[in-house]
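Asker: Sequence:
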Amino acid sequence: MASITQDMRYRLSLIRFAEKYGVSKAAIKYKTNRQYIYRWKRRYDGTIESLRDRSRRPHHHPNQHTPEEIKLIQDMRRRNPPFWSGCLLGQLMQRGY
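Under the working numbering, the first residue of the sequence shown carries the number 65, and numbering increases by one thereafter.
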């Protein structure tokens with residue numbers, strides 16, 4: 065089981081207070097806005113793990129280089145170490161990248 069962070073404990077106490085006394089009073093007591101409380105109430109499914117921060121990393125990268133393109137760039141960089149950036153850009157533009 066993963067450890068419970070301080071933020072997760074804070075969110076759990078915030079949700080419990082909001083359920084008992086209402087969202088407006090919880091927002092005043094915890095010095096936050098109601099939208100923040102509603103977001104965490106909506107996400108909370110009864111488990112402490114549901115209060116963990118989600119990753120902000122994108123699910124996919126549509127313009128990501130293929131492994132062949134990465135290998136080509138690395139090979140060109142290795143062949144021209146002192147002035148690789150200028151030459152590399154020109155050569156890659158000639159090849160259509």
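Hints listed in this document are in silico derivations from the structure and should not be mistaken for laboratory results. Beta carbons: idealized from backbone N, C-alpha and C, even for Gly. Be aware that one or more of the hints could be misleading.
The list that follows gives simulated cross-link-like pairs (lysine-lysine, BS3-like), each with its CA atoms no further than 30 Å apart [as the list claims (entries may be wrong)]:
#1 K95 with K105
#2 K135 with K105
#3 K105 with K93
#4 K105 with K89
Ranges between beta-carbon positions, derived for each pair [stated by the list, open to error]:
#5 K89 with H123: 43 to 51 Å
#6 R98 with L156: 17 to 25 Å
#7 R98 with K135: 49 to 57 Å
#8 D109 with R141: 21 to 29 Å
Asker: Next, verify each hint and record whether it holds.
Answerer: The hints, checked one at a time:
Distance hint between K95 and K105 is fulfilled; the C-alpha atoms sit about 16 Å from each other, no more than 30 Å. For a cut-off of 30 Å, the pair hint linking K135 to K105 is broken: about 47 Å separates their Cα positions. At most 30 Å may separate the alpha-carbon atoms for a hinted pair to count; K105 and K93 meet this at roughly 16 Å. Pair hint K105 plus K89 holds up; C-alpha atoms about 15 Å apart against a cutoff of 30 Å.
Checked against the hint of 43 to 51 Å, the C-beta distance between K89 and H123 comes to roughly 37 Å, which is inconsistent with it. In this structure, R98 and L156 break the distance hint of 17 to 25 Å, their C-beta atoms being roughly 51 Å apart. Against the hinted window of 49 to 57 Å, the Cβ-Cβ separation of R98 and K135 comes to about 52 Å, which satisfies the hint. Range check, D109 to R141: about 48 Å between beta-carbon atoms, so the 21 to 29 Å window is missed.
Checked against the numbered hints above, the structure breaks hints 2, 5, 6, 8 and satisfies the rest.
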